[in-house]
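The sequence shown begins at 1 in full-length UniProt numbering and counts up one residue at a time.
Keep in mind the hints are simulated off the structure, nothing from the lab.
Treat each hint with caution, since some may be false.
Unchecked claim - Cβ-Cβ distance ranges computed for the label pairs, FRET-style:
#1 152 - 94: 48 to 56 Å
#2 129 - 67: 23 to 31 Å
#3 8 - 126: 56 to 64 Å
#4 127 - 75: 54 to 62 Å
#5 51 - 125: 51 to 59 Å
#6 126 - 11: 57 to 65 Å
#7 151 - 63: 30 to 38 Å
Quick caveat, the model's predicted, so the values are computed rather than measured.
Glycine is no exception: its CB is placed at the ideal position from the N, C-alpha and C atoms.
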Amino acid sequence: MNSDSGKSYTIKEATLKLMQYCAYRDRSQKEVEDKLLEMRMIPEARELIIIQLMREDFLNEERFARSFVRGKFRIKRWGRIKIKQELKFKEISSPIVKIALTEIDEKEYLDTLHLLAQKKIELLKEPNKLKRRKKLTDHLLQKGYESNLVFEVVGDLFN
1 MNSDSGKSYT
11 IKEATLKLMQ
21 YCAYRDRSQK
31 EVEDKLLEMR
41 MIPEARELII
51 IQLMREDFLN
61 EERFARSFVR
71 GKFRIKRWGR
81 IKIKQELKFK
91 EISSPIVKIA
101 LTEIDEKEYL
111 DTLHLLAQKK
121 IELLKEPNKL
131 KRRKKLTDHL
141 LQKGYESNLV
151 FEVVGDLFN
């Protein structure tokens with residue numbers, strides 16, 4: 001159980017707590033709203049706090065989305081489809097998702113896809129070529145890469 005569960009906060013206390021929460025790393029508005037719900041803040045207070053966080057640039061949906069895209073692509077090596085799904089899950093609007101995805105350089109994206117494919121194929125112990133090909137394809141699709149790119153890369157590796 002959360003340590004905040006029994007405590008009640010003034011708007012000022014909650015705002016300060018959320019400023020620290022947002023300063024630690026970029027947050028989505030949904031994450032902040034969830035935190036405020038957890039703190040049992042009433043709707044009017046939640047709205048005031050969110051507005052203040054936005055006004056003082058502690059909460060910036062576009063900055064969050066751009067940071068999220070960079071991190072998931074560079075660190076986890078996720079494809080655009082998986083990143084887009086996660087941003088939708090975090091209730092980021094479509095226009096902001098589009099803007100955020102511009103953080104991915106096309107050449108770097110394709111290089112990463114090739115690298116992932118190469119690494120995975122070296123790890124596959126499957127002797128059957130068709131099964132090996134399917135496992136590689138499934139792996140890359142599961143990472144969130146577009147099917148046309150995956151089929152192209154897999155085709156190149158198996159021809």
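How does the Cβ-Cβ distance of residue 151 and residue 63 compare with 30 to 38 Å: does it lie in that range? For residue 63 against residue 151, whose Cβ atoms are near 35 Å apart, the range 30 to 38 Å holds.
Do the Cβ positions of residue 129 and residue 67 conform to the proposed distance bound of 23 to 31 Å? Violated: the Cβ-Cβ distance is about 41 Å, outside 23 to 31 Å.
Can the suggested window of 57 to 65 Å be confirmed for the beta-carbon pair residue 126 and residue 11? Given range 57 to 65 Å: holds, Cβ gap about 59 Å.
Does the beta carbon distance between residue 51 and residue 125 stay inside 51 to 59 Å, or does it fall outside? holds (56 Å)
Verdict for residue 8, residue 126 (Cβ pair) under range 56 to 64 Å: holds (58 Å)
Do the beta carbons of residue 152 and residue 94 sit within 48 to 56 Å of each other? violated (27 Å)
Can you let me know if the beta-carbon spacing of residue 127 and residue 75 is within 54 to 62 Å? Since residue 127 and residue 75 have Cβ atoms about 33 Å apart, the given range 54 to 62 Å is violated.
Figure legend: structure checked against the earlier numbered hints; hints not met, in rising order: 1, 2 and 4.
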